[in-house]
Amino acid sequence: MREISYLEAVREAMTQEMERDPRVFLIGEDIGEYGGAFQVSYGMLEEFGHERILDTPITELGLTGAATGAALIGMRPIAEIMFMDFTTLASEQLVNQAAKLRYMFGGQSTVPMVLRTPAGSGTGAAEHHSQSFENWFVHVPGLKVAMPSTPYDAKGLLISSIRDNNPVVFIEHKLLYKTKGEVPEEPYEIPLGQADIKREGKDLTIIATAIMVKKSQEAAEQLAQEGIDVEIVDPRTLRPLDTETIVNSVKKTGKVLIVHEAVKTGGFGGELAGVIAESEAFGYLEAPILRLAGREVPIPYNRNLERAAVPQVEDIIEKARQLATLKV
Amino acid sequence: MTLTKENAEKYLLQMYQIRAFEEQAEKSYMAGKIHGTMHLSIGQEASAVGSISTLEPTDYIIGHHRGHGLTIAKGADLNLMMAEFYGKANGYCRGRGGSMHIADIKGGNLGANGVVGGGLPLAVGIGIGLKMEAENRVLLCFFGDGAASTGAFHESMILAELYQVPVVFVCENNQYAMSFASRDWTTSKKIAAHGEVYGLTSTATDGNNLIEVRDAVQMGVDRARGGGGPSLVVNDTYRWRGHSKSDRNRYRTNEEIEAWKKKDPILKFRKYCKTEKLITDEKAEEIKKKAYADIESARVFAESSPEPDVQTLEEGVYAP
Chain A
1 MREISYLEAV REAMTQEMER DPRVFLIGED IGEYGGAFQV SYGMLEEFGH
51 ERILDTPITE LGLTGAATGA ALIGMRPIAE IMFMDFTTLA SEQLVNQAAK
101 LRYMFGGQST VPMVLRTPAG SGTGAAEHHS QSFENWFVHV PGLKVAMPST
151 PYDAKGLLIS SIRDNNPVVF IEHKLLYKTK GEVPEEPYEI PLGQADIKRE
201 GKDLTIIATA IMVKKSQEAA EQLAQEGIDV EIVDPRTLRP LDTETIVNSV
251 KKTGKVLIVH EAVKTGGFGG ELAGVIAESE AFGYLEAPIL RLAGREVPIP
301 YNRNLERAAV PQVEDIIEKA RQLATLKV
Chain B
1001 MTLTKENAEK YLLQMYQIRA FEEQAEKSYM AGKIHGTMHL SIGQEASAVG
1051 SISTLEPTDY IIGHHRGHGL TIAKGADLNL MMAEFYGKAN GYCRGRGGSM
1101 HIADIKGGNL GANGVVGGGL PLAVGIGIGL KMEAENRVLL CFFGDGAAST
1151 GAFHESMILA ELYQVPVVFV CENNQYAMSF ASRDWTTSKK IAAHGEVYGL
1201 TSTATDGNNL IEVRDAVQMG VDRARGGGGP SLVVNDTYRW RGHSKSDRNR
1251 YRTNEEIEAW KKKDPILKFR KYCKTEKLIT DEKAEEIKKK AYADIESARV
1301 FAESSPEPDV QTLEEGVYAP
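Chain order of the listed sequences is A and B.
Quick note on the numbering used here: the first sequence kicks off at 1 and runs consecutively.
Quick note on the numbering used here: the second sequence kicks off at 1001 and runs consecutively.
Wrong hints could be hidden among the right ones.
What the hints assert, rightly or not - Computed Cβ-Cβ distance ranges for the label pairs, DEER-style: (1) A:Glu46 / B:Glu1256: 56 to 66 Å; (2) B:Gly1227 / A:Glu46: 21 to 31 Å; (3) A:Gly266 / B:Ala1319: 20 to 30 Å; (4) A:Gly35 / B:Thr1253: 51 to 61 Å; (5) A:Ile197 / B:Gly1226: 52 to 62 Å.
Hints are computed from structural coordinates only; laboratory data are not their basis.
Where is the CB? At the ideal position from N, CA and C, for every residue including glycine.
Put together the whole structure using the sequences plus the hints.
As structure tokens, this is what we get:
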């Protein structure tokens, strides 16, 4: 099968859906001629024109509300927030409006929109262009949250998100944009709420999201040489969450390490740990549930400091080794 | 614009229905029948009815937290509306929204909003959607003087003008954002000037004069429908009651309230209709009586309606 990048997979999903459904349009900052800050929508203006590629001035609140309003009367907009850090500016419309309009109107309406945004550190962009806020949105009933780790997942999840009748926060990781993988040319859906086992193993389970899936895979190769057989579960969507796949994996291995880039306190790892602890997998645990996540700091500028602020392959290896020897 | 006798009677009936609804809302609250709070629009009836009288049934409105009047003017079923106010299962929002979120999507009312300025960015997107569907429909977006100071207002003005959306933004300047007097930072004329700064044709009206409101909004609606883009109308009016039920009226005087009551929009419209020989005093009283009777039967309907089943709590969060 042909290989394309994660970035190209996102673009292809949007392009194919726009070709299929005239109600789909893009709205965001610098997404037209500029192609988006990360070039995700590059070339789409030529195909779809200014009527469906709506470049906006710097108006994160306004453009997110505009996407929400258009969705309220049956359009299927895709809003881009240039950096996830700027979703702070958009959150009133996303959290108070998009997520709630259906429920507070007693189910009279739907809000079929996608808010795409790149998260994560590693680009030297410092405190205001590096954050991972997924758990803020996971906390809001009415929103769905997708977080793909591969080009294949990016395309399938984005197509599902666009076709979904609810607001979906679609979080892309900047460091994954250039990664390549096999992606079918035809459109396909990956259901929201379906986890994927990225590596099968028997000794311990790593549940990882976004870039941490890739890092965990690298760590697993090293750990395999040491005789530690790691299973990697990628939830792919955080809300809805496929608890069944997670619980089954933990039941199988008896040990679990949760890895994400976002700050540990209040991060999604706490939710995962809670889900496991409340489930039938609890009785199968052979060691405490461990979490490896972002340190309790804003993302700093200096390369070494920035690297130290989030889990790296060597951190995952070390934590997994520790877990392998841990007992209840 | 000339006013037909039929329309004059319709507008007077709607204004009285709004007044009666708000009075009933207050009474029900005082009697301990209502859970929560409410924001009453007594004194602002001409702004709601005059503005919405310019729309076709297939057009849309989107409102603000003081939205009972807008909902009635858009032609809501009074029973379903009162049932929602009472939080009942057969209310417009199945008891999920209450006073601050009444919506009638089929009737073109895209809902009241609990966040000041919250409807403004939505209006831009609704306008984008209306342009894309190309069915020549328009939207009236209502907000208050409080919202006019928010970032959402300014971003929305810029985007609305940029995309030339078929929207008339209607600011109901009732003089106070909760306790903060709009005169301390702006006037209706200045709010209109904010629209002009961004390129929108903008006017300020005597918001208690239904004819003046209707004429100004009609120009905006005609412009929007003709592809001429958005405009802004600021209706200068006054809320007789407090901001919500927590209000002790510490920030204004009784003299001020009494002075505005002398500018009652309903009596002003009655006087106009009498002079123009559209509605006699006798007919006006008959209309008033009907309005209060309509609200009384809505109250009976609401009070005899069932509570939502707690088992349905999680229904409607997500669409299938």
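Verification of the supplied hints:
Judged by the Cβ atoms, the range 56 to 66 Å given for Glu46 of chain A and Glu1256 of chain B holds: they are separated by roughly 60 Å. Between Gly1227 of chain B and Glu46 of chain A, the C-beta spacing of about 26 Å keeps the proposed range 21 to 31 Å intact. A hinted range of 20 to 30 Å holds for the C-beta pair Gly266 of chain A and Ala1319 of chain B, which are about 28 Å apart. At about 59 Å, the CB distance of Gly35 of chain A to Thr1253 of chain B agrees with the hint of 51 to 61 Å.
The given range of 52 to 62 Å is respected by Ile197 of chain A and Gly1226 of chain B, whose C-beta atoms sit roughly 58 Å from each other.
When each numbered hint is compared with the structure, no violation occurs for any of them.
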